[in-house]
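Undergrad: All chains should be modelled from the sequences, with the hints used to inform the complete structure.
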Amino acid sequence: MSLDKAAVRAIAELARIEVRDEELDHLAGELSGILHFVEQLAEVNTDGVPPMSSVADLTLPMRADVVTDGGQFAAVLANAPDGVIEDQGGFFTVPKVVE
Amino acid sequence: MSELTKLTIAQARDKMAKGEFTAVELTEAHIQAMAAKRNLGAYIVETPDLAREQAKASDLRRQAGQAGALEGIPLGIKDLFCTKNVQTTAASRILEGFKPQYESTVSGKLLDAGSVMLGKLNLDEFAMGSSNMTSYYGKVTNPWKSKADPAKKLVPGGSSGGSAAAVAARIAMGATGTDTGGSIRQPAAFCGITGIKPTYGRCSRWGVVAFASSLDQAGPMARDVRDCAIMLGAMAGHDPKDSTSAPMAVPNFEAALTGDIRGLKVGIPKEYRPDGLSDEIQKVWEQGIEWLKAAGATPVEITLPHTKYALPTYYIVAPAEASSNLARYDGVRFGLRVEGSSLDDMYKKTRAAGFGSEVRRRIMIGTYVLSAGYYDAYYSKAQKVRRLIADDFKKAFETVDVILTPTAPSAAFGMDENTDDPVTMWLNDVFTIPTSLAGLPGLSLPAGLDAAGLPLGLQLIGRPFDEETVFKVAGVMESAAGFTATPEGV
Amino acid sequence: MIIQGDTGDWEIVIGLEVHAQVISNAKLFSGAATAFGAEPNDQVSFVDAGFPGMLPVINEKCVEQAVRTGLGLKAQINLTSVFARKNYFYADLPQGYQISQYDMPIVGEGTLLIDLPDGSTRAIGIERLHLEQDAGKSIHDMHPSKSYIDLNRSGVALMEIVSKPDMRSPEEAGAYLTKLRTILRYLGTCDGNMQEGSMRCDANVSVRPVGSTELRTRCEIKNVNSIRFVQQAIEYEARRHIDVYENGGEIKQETRLFDSVKGETRSMRSKEHAHDYRYFPDPDLLPLVVSQDLVDSIKATLPELPDEKKARFMAEYGLNAYDAGVMVAEKEAAEFFEGVAKGRDGKTAANWVMGDFFATMNSDAKYTWTNPPVSAENLGRMIDLIKDGTISTRLAKDVFIFMVESGKDPATIVEEKGLKQVTDTGAIEKAIDEVFAANPDKVAEVKAGKDKLMGWFVGQVMKATQGKANPGMLNELIAKKFKE
Ligand SMILES: [Mg+2]
Ligand SMILES: [Zn+2]
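Residue numbers (the numbering used here), protein chains in the order written: chain P, 1 to 99; chain B, 100 to 589; chain D, 590 to 1073.
Honestly, the hints are just simulated from the structure, not real lab data.
It should be emphasised that the depicted structure is a prediction, and the values quoted were computed from it without experimental measurement.
Treat the hints loosely; a few may be bogus.
In silico lysine to any residue, SDA-like type, Cα no more than 25 Å apart, as pairs [unchecked claim]: (1) B/Lys494 <-> P/Asp47; (2) B/Lys407 <-> P/Lys96; (3) P/Lys96 <-> D/His729.
TA: Shown next as structure tokens:
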């Protein structure tokens, strides 16, 4: 699969990464090269092979329904890039969203 | 240079137990060495004050008769492990200034074992790379120099390049690494040290910045096999906070170093001799086989038929998981934020500025292979091939106890080499990636020098959760190799 | 329901996706609390906030609640299910993905019977139920240029319950939601409180000409927070579709919001991005395996559910379908009714519960199921007093009011207030004699054939006995007296 500029722009949009127009050609070439490389998997016969999501030969461990965490808003907000505790009442903030 | 920094962990441990020197002295020697070798770029953050404090506390514990397995041992921590109140960046601009309010399970266990943290070690951004040239905080220089071209700066390998360089340069007695596709083993080989990626699930991933969750494993990097065994003993163990952590007891890995490998069968995969494999690598591999034979083990040729497909499989699975794991870096709760006119604009500007080119490239590939219409052809296909690769190993381990291969197809290369094409760079991991996909333990140890005087590594691969056999065989090889070379100035 | 358009008749096709918040102490994948109404960002673990290196560990209670709900919906329980990541960016989605279930949900197909106003029922198919984590909350009106994010809800367990597109009218959709809420409350798996957001509904609406079996493009109306609004939104949306089709237009598949003030739906601007959720199995979580033993043990603890209870109330207490339906709509009401009816006449009990009792219950917010105006025990005893003739039904109305006011048991009230029915023939005859003696002219009129005045005599004598005369005896004795 070769990716054109429009495809690269769509992927970047989906991944929320800003890409300048002048980067698109280069990226399209690079990503197409990578795809070309990985496409050699097509030659492997995988009929009847179940996909492997994890090598861990386990089932999901469960925890008891007990409150063991939380009550730490200062720690949760400590790294907020938009200084939040004092003036905005303990919220994270983002540019206003219109629904 | 202080004699103290030349010791192995085991030696320092035994000498401190005898009262020959204190943790404070040992730590101070390393703090001085660390400062003297800043030109390597091995550390992103040095924490000398914290280290001195911890060393003092360690000496008190020892006096009180409460010495842990790593009591007073100064270690470097890869900057992928979250460390409480100490900046943790994953070598990315997007986490600049981030101070976790929690300590990763593995780094916490090392502290609990009495160790001292010297600082946070450099790496490839988000552990994506094999050269340690993608860090936002500068490249790491390999302390080794080519005899043929001493002016040439060599890469330490990656992604745990800072860890490997620090251990080789004697500015940490040991270091944590993480390995997703070879990120402990390849830099260990490039820097002439020993490192082991344990079985997936052996060490907790809790608090380690995720790259590819189904592959990421923490492991130790140290001067020799024994030190790795000691460190892994402290790092490993079941963690209920990580659902993929194995509920298994931690064996005494050091006790596995019996030196007796008589009767063991050592698999030699025929697929690990690709065209163009250098004669020197080939030679050191054959040498390794001879050492094991001499010690009473039997080499057995095995086949791992899907080896060739490991790299393409990895470069679908790992970016796919990474594209999702790295979605949380969005400028909202921590790390870099670049303001934008809207929420989406902020996301896009933040992530474009915060991630370097290799990370952006992998996120985009990962996004693509998961996207509607391509999932089956790429992601699902790769997961199926992954099973075939894992099954190859399973089958091989029906007849052999351990597998011996080269760690990397070359010795450390120059910083200006292999950088044009990402796929060429990825070939560095051709021997380590299959093990990662299968989740098996893999250890790299230095086995010799090439013509330019650069270290070459050999890899030992074991059955799931059989690190003990890997350590045992590695110990025998280490003795046989008698590798004592060090980088210039050490 | 058929909607008449300009070009012909149309029918509505409705499927509902309900997000029901699981009742649990802690969140689905973290140990933070789920309680409603905490300070912003204070019920948040680093897992819920998507911090680097944080990993999910599943809460067993939430799994059990999902299984329990699946059993309550007579659905297939999948012993192995898989958590997947649903990837999208949003301000209140800290990880950049929601952990949900995709192609292997914990619960498969099931059935829900909706109760229609005429007392009949209709089966609506359940497509699936899966477990997933809730997102945080965005607050858009606290700052001129910023939205505020509170992650308290982030990571709370939700059951997404998806119906088949089996409903054909807003009323059926309402009946579905009502019934689903009833079942969840019976099971104790979700409190069903739509105002607090613990039950939220997305409605998928399309229309088609009557007689057609095609499924036309549907629009999804997101997050409607009351049953009434769901019905209004469906109605509005169906008419909008018909208008568009009849004017030669096309409906485009989209997500819409319901504006309850204007009574309209509108396109959601924040959802304009192409959707591509890139689902894949969450590598931080392994397959969820529940044992058949666990399923069986949960099954053994299921309460009697509303449909079975309704059938039993009809059979055991002789209620009609409508009354039985009303009685089982709330688990507590059904329990109350049974407390009253057990060992007594079911219809009498139902009349009292649905009449005076419900009226009083609804008259003041202070009354709740834990603080009812009258206990089931006392109401039952009062019915016993009617039955044994101690009080008349008429007197019982007063006794009921006294019980509400004092909380005392009916026998005490009857005693204290002297409300005991007079059944002594002599006493009643004496009162009759007095009334007759005082009204000779009216006695003559009755005897002359003016039967209508009989009632007046009954009233007068009842008044003279302060209402305590046994009405049956009174009627009988007056009739006898006139025949003399
Ligand atoms: Mg949905
Ligand atoms: Zn949902």
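Undergrad: Can you give the numbers of the hints that this structure goes against, from lowest to highest?
TA: 2
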